[in-house]
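Student: Throw the hints in and build the complete structure from the sequences for me.
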Amino acid sequence: MKTNNPQLIGQSIPRIDGPHKVTGRAIYTDDLKLPGMLYGKLLRSPYAHARIKRIDVSKARALPGVKDVIIGADTPQIKYGNWRLVPESQDELPLAVDKVRFIGDEVAAVAAIDPETAERACELIEVEYEELPAVFSVEDACAEGAPLVHDISKGNVSLVRKISYGDLEGMFQKADYVREDTFRVHAVQHAYLEPCASLAEPDEGGRITLWTSTQTPYLVQCLLASTLGIPENHVRVMKVMVGGGFGGKMELRPWEFCAAFMARRTGKPVKFTLTRVDELAFGRRRHGMTLYSKVGLSKDGKLLAKDFQVMLDGGAYNAMGPTATFLCGTFGNMAYRLPAYRYFGRHVYTNKPPASAMRGFGAPQAYFAMESQLNQAALDLGIDPIDLRIINAMEEGDVIPEVATVSSCGFKQCLEKVRAASGWDEKRKNKKPGHGLGISAFSFISGGVFNWFNTKYNFSSVEVRVYDDGTAHLFSMACDIGQGTDTVLRQILAADLGIGIDKVRLTSMDTSNTPKADLGSWGSRVTLMNGNAILDACRKIKDMLIPVMFTQFDLNQIQDIAFEDDHLFVRSNPKKRLSFAECVYKALRGRRGEPLSAHGFYTPRNRGLVSPAFSFGAQVAEVSVDEQTGLVKVDNIYTAHDCGVTINKRAVEGQLEGAIQMGLGYALHEQFAMQGGRTLNTSFLDYKMPTAQDMPPSVSLEVETYEPEGPFGAKEAGEGLAIPTAASVGHAVYEATGYRCQDLPITPEKILRALGKLK
Amino acid sequence: MATSHFALHQPQSLSQALDLLEMHRASVRLLAGGTDLVPKLKVGALKVANLVSLQGVPGLGAVAFDEGQGLVIGGTARLAQVAALPEVKRLYPGLAHACSVMATTQIRNMGTVAGNLANAAPSADTAAPLLAYDARVTATNKKGSRDIPLAQFFAGPGLSVLEPGEIITAITVPPPPPKSGSAYQRLSARSQVDICAVGVAASLSLDGQGRLAHCRLACASVAPTPLRCLEAEEMLSGQAPGDDLLDRAAQAAAAAAKPIDDMRASAAYRRQMVEVLSRRVLATCLAQAASLAQAQGGAA
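Protein chains in written order, with the numbering used here: chain A, 1 to 759; chain B, 1 to 300.
Treat the hints as calculated values from the structure; they're not laboratory data.
Predicted model, so just to flag it, every value in this text is computed and none were measured.
Be careful, since some hints might not be right.
Here are the simulated lysine-lysine pairs, DSS-like style, with alpha carbons at most 30 angstroms apart [claimed, not checked]:
id, chain 1, residue 1, chain 2, residue 2
1, A, Lys33, B, Lys258
2, B, Lys40, A, Lys59
3, A, Lys268, B, Lys42
4, A, Lys757, B, Lys258
5, A, Lys21, B, Lys42
6, B, Lys42, A, Lys59
7, A, Lys633, B, Lys89
8, A, Lys59, B, Lys47
9, B, Lys40, A, Lys33
Listed next, with one range per pair, are the computed distances between beta-carbon atoms [to be verified]:
id, chain 1, residue 1, chain 2, residue 2, range
10, A, Pro433, B, Pro86, 30 to 40 angstroms
11, A, Thr23, B, Gln55, 44 to 54 angstroms
12, B, Gln55, A, Glu426, 32 to 42 angstroms
13, A, Thr23, B, Gly158, 49 to 59 angstroms
14, A, Lys21, B, Ala290, 50 to 60 angstroms
15, B, Arg211, A, Arg276, 16 to 26 angstroms
16, A, Lys154, B, His5, 47 to 57 angstroms
Every residue gets a Cβ at the ideal spot worked out from N, C-alpha and C, and that includes glycine.
Tutor: Laid out in structure tokens, this is it:
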């Protein structure tokens with residue numbers, strides 16, 4: 001492993017935004033107020049599926065204080081969606097026209113002088129609906145003669161993804177052991193703490209400035225411009241602090257459009273702020289899925305074949321469902337060597353709130369199936385579950401067919417580390433009743449290679465400016481949504497230029513003042529992709545500074561220049577040195593005043609079709625189950641993971657803690673209580689997201705590898721960690737009770753019923 | 001946010017508060033801790049023209065214990081305040097537990113015991129232990145005060161026998177008999193910071209012969225109101241404690257429950273958990289009482 005990284009790499013640099021957030025001084029979109037600002041409210045559909053026969057807004061318009069009321073017919077009616085590469089997948093309109101497709105579908109919007117007036121006006125809008133038959137499950141949606149959610153999608157399937165390689169039938173015939181299982185996983189929500197908010201300000205010439213809580217400013221800019229029918233450059237998207245995204249804020253949203261559209265009509269700023277009820281009842285969710293999986297293994301535990309068929313419950317619109325459908329198939333064969341694999345994924349429309357991207361993006365579901373199935377296979381084959389994984393684990397240099405070559409991989413070390421740290425062997429030998437250990441593993445992508453957004457720009461871009469006071473200014477469209485990239489990107493820049501992190505100023509929130517483009521914060525891409533763009537810019541800045549050193553010290557052509565401790569020096573003779581500031585000063589003089597600035601870019605090339613780099617990891621969960629109440633207590637979580645070279649240890653630990661919290665919610669507590677298309681639990685009282693007080697002790701074990709494609713050898717540490725918990729807890733519960741969950745979440749009632757203990 | 005407009009009245013004495021209640025009787029609510037009321041106002045689930053705050057009324061905020069009267073919880077005494085009182089921890093461990101695990105730290109610091117009862121939610125955490133302690137509610141109006149046994153206080157989900165114009169000025173809990181024990185246990189989907197899905201409280205004492213004397217068993221979240229399990233209580237009282245007896249009493253408690261299916265738990269699970277928790281709280285009570293009996297016996 002390469003180890004000559006700068007000292008700043010791997011340090012626990014505290015979060016730059018931390019003090020502002022914990023003292024309440026941080027500014028979020030809803031905190032913004034502009035002179036003359038109007039408050040927006042949305043009128044949503046009360047029906048899961050209905051034709052709009054008539055809308056009368058006259059009473060709403062007549063209400064004093066109301067400045068604008070719009071319905072679908074008032075808008076340009078240009079459809080949008082993130083898959084610009086496949087225009088027919090773009091199935092959304094900001095406001096419904098003709099038909100509503102889920103309870104909560106946006107029908108009209110009001111802008112008024114205060115929120116109460118806007119809400120009152122919404123109540124005064126008369127909409128006459130003709131209710132249509134609706135579908136609420138993938139099975140019903142795919143049934144013969146089912147009502148169509150979108151007329152163009154026959155059988156309600158909006159997208160099919162197929163992967164196939166190897167001799168599937170031959171391998172199944174060769175297999176000594178074959179098992180088939182069907183898993184059902186449920187929808188859960190991101191539950192970011194900041195509900196969505198957007199503020200649009202009209203500018204000269206019909207231009208728009210939009211402050212919005214987003215994780216993809218560039219995507220919002222492009223799609224808002226296209227839906228308004230104005231040039232891309234007429235939309236400026238800014239973000240202030242964002243209180244979490246987790247995949248739920250990576251699209252253009254109706255309230256962004258409505259704020260901008262009404263701002264242009266009224267000439268006044270318009271702000272929308274969603275409530276928690278809006279978020280829980282109508283917001284994006286993780287896909288519920290039905291996953292059929294058939295695996296074949298040899299009797300000595302070698303995986304030979306897998307047939308994987310998945311139906312994604314997409315809800316009423318595509319949203320990020322096509323990508324989840326695509327990735328779910330990729331995750332079905334990412335961690336293990338598999339000679340033959342077939343995937344058939346279908347994205348199915350139902351009359352429910354749309355599902356979309358959520359931390360893991362198809363992986364928590366695919367791995368829950370895979371890992372649960374492997375644990376059952378291990379038991380049947382009489383092989384230790386960790387050994388079974390080691391037998392099949394990917395290694396450095398392995399090829400994932402049609403995907404990539406794995407250029408760094410610490411998977412086996414992860415498995416060995418969790419085995420040792422958790423006391424796996426001893427505890428399994430001395431089993432205690434009601435107590436169990438479970439294992440699960442994962443692999444994840446460090447950003448996507450795919451370009452379904454069809455950007456003509458680089459995937460990540462930055463500009464670096466350096467000044468003769470020894471400071472640098474980084475301009476990046478990368479989006480800190482709470483995951484800490486504002487800190488980590490500064491760290492990467494400071495490390496490479498050898499200056500203190502306090503010398504780096506960052507502008508990262510403005511599509512008009514940062515270089516084009518950055519695809520946003522999703523797919524665990526920012527550290528690798530934006531980090532690489534920074535290194536590209538730094539290389540160019542160094543090319544401006546190194547000549548100063550050569551001139552100053554009349555250096556031999558073979559000399560190398562080091563950048564450390566706010567200085568440049570000759571590596572073989574550190575006494576020959578200039579301060580960074582002085583060097584910039586001299587370079588500036590030499591350029592006759594032309595500022596030192598460089599753009600840096602990164603787009604993955606020749607890295608397969610999915611991702612430039614892959615993370616790996618394994619997790620052991622230790623649980624106790626109360627056999628009378630069925631309540632599961634998680635006693636400890638041991639996680640070993642390979643995220644390449646860690647840039648910021650504390651940030652990675654934070655990601656792991658948060659991932660465990662989300663993973664436990666998914667495994668044990670969180671679910672939507674649905675009555676047809678209606679969501680019943682619309683507050684945190686009944687949407688059971690675990691709290692800080694529910695967090696079990698946890699142990700984090702790092703396996704460092706050096707990823708040649710990553711900045712300083714780094715890979716992702718954002719989403720992969722959120723994958724393994726449902727399967728590791730599920731396995732532990734099985735070991736403790738004999739109940740094997742194939743139908744998340746694992747609830748006390750399911751455990752007791754399976755054990756025949758609930759009358 | 002559909003906050004409606006209302007007038008906030010801040011009386012400085014009980015009689016002023018009672019006058020204000022009378023004066024605005026057409027549309028008035030009392031404000032104590034506000035932890036149930038304010039969220040309802042915020043989402044528009046409750047519209048009311050007048051709020052009468054009890055925060056400034058002197059003498060309502062105390063929690064005090066004396067051996068004659070027992071525990072007296074003032075009408076605006078906070079949950080956290082009750083949980084923190086040493087005598088509550090020592091003599092009323094079931095109530096102390098309820099007041100220290102329900103809701104969240106912030107809500108326990110603001111919310112009041114009287115409010116928890118007056119709100120009359122079937123899931124009210126303080127209700128089950130207070131029922132098990134034979135608590136009485138003192139309701140005061142302009143004409144005077146009346147004492148209502150808590151067992152007769154609840155009338156349905158969100159409903160109590162309080163009359164318009166009445167204020168809960170105190171909750172009185174008799175001193176525990178000698179050689180007694182009490183406990184409360186609750187279940188919820190999350191382990192912490194959650195509403196109760198099933199709760200069971202019990203209290204009992206032992207007589208000179210080691211037989212069960214004073215037995216109370218009460219449940220929350222398993223019926224339209226917090227519930228006393230009279231049949232189980234009768235089954236226990238006067239009997240020599242034994243595993244079989246506790247089992248049967250727990251079964252009787254489960255039979256008395258009238259749970260519903262909702263998104264927090266199924267009726268079948270709730271009913272069964274009444275049995276499990278009843279058995280557990282009874283065992284805890286018995287262990288406490290036995291250890292006191294031993295200590296007191298030794299002292300005598």
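Student: Does the structure keep Lys40 (chain B) and Lys33 (chain A) at a Cα separation of 30 angstroms or less?
Tutor: Given that 30 angstroms is the threshold and the Cα spacing comes to 27 angstroms, the pair holds.
Student: Has the given pair, Lys757 (chain A) with Lys258 (chain B), been kept, meaning a C-alpha gap of at most 30 angstroms?
Tutor: 20 angstroms, holds
Student: Given the hinted pair Lys268 (chain A) and Lys42 (chain B), is their alpha-carbon gap at most 30 angstroms?
Tutor: Given pair Lys268 (chain A), Lys42 (chain B) holds - Cα atoms ~27 angstroms apart, limit 30 angstroms.
Student: Given the range 16 to 26 angstroms, decide if the beta-carbon distance of Arg211 (chain B) to Arg276 (chain A) lies inside it.
Tutor: For Arg276 (chain A) against Arg211 (chain B), whose Cβ atoms are near 53 angstroms apart, the range 16 to 26 angstroms is violated.
Student: Return holds or violated for the Cβ distance of Lys21 (chain A) and Ala290 (chain B) against the range 50 to 60 angstroms.
Tutor: Roughly 52 angstroms apart at Cβ, these two residues keep to the hinted range, so it holds.
Student: For the pair supplied as a hint, Lys42 (chain B) and Lys59 (chain A), confirm whether the alpha-carbon distance does not exceed 30 angstroms.
Tutor: 25 angstroms, holds
Student: Take a quick look at whether Lys33 (chain A) and Lys258 (chain B) sit within 30 angstroms of each other, Cα to Cα.
Tutor: Not OK: Lys33 (chain A) and Lys258 (chain B) at ~52 angstroms, beyond 30 angstroms, violated.
Student: Is it true that the CA of Lys21 (chain A) sits at most 30 angstroms from the CA of Lys42 (chain B)?
Tutor: 25 angstroms, holds
Student: Does Lys59 (chain A) lie within 30 angstroms of Lys40 (chain B) when you go C-alpha to C-alpha?
Tutor: Within the cut-off at roughly 28 angstroms; holds.
Student: Can the suggested window of 32 to 42 angstroms be confirmed for the beta-carbon pair Gln55 (chain B) and Glu426 (chain A)?
Tutor: 58 angstroms, violated
Student: So if I understand the rule, the pair passes when the alpha-carbon distance is 30 angstroms or less; does Lys59 (chain A) with Lys47 (chain B) pass?
Tutor: 23 angstroms, holds
Student: Against the range 30 to 40 angstroms, how does the distance between the Cβ atoms of Pro433 (chain A) and Pro86 (chain B) compare: consistent or not?
Tutor: 38 angstroms, holds
Consistency note: the structure conflicts with the earlier hints numbered 1, 11, 12, 13 and 15.
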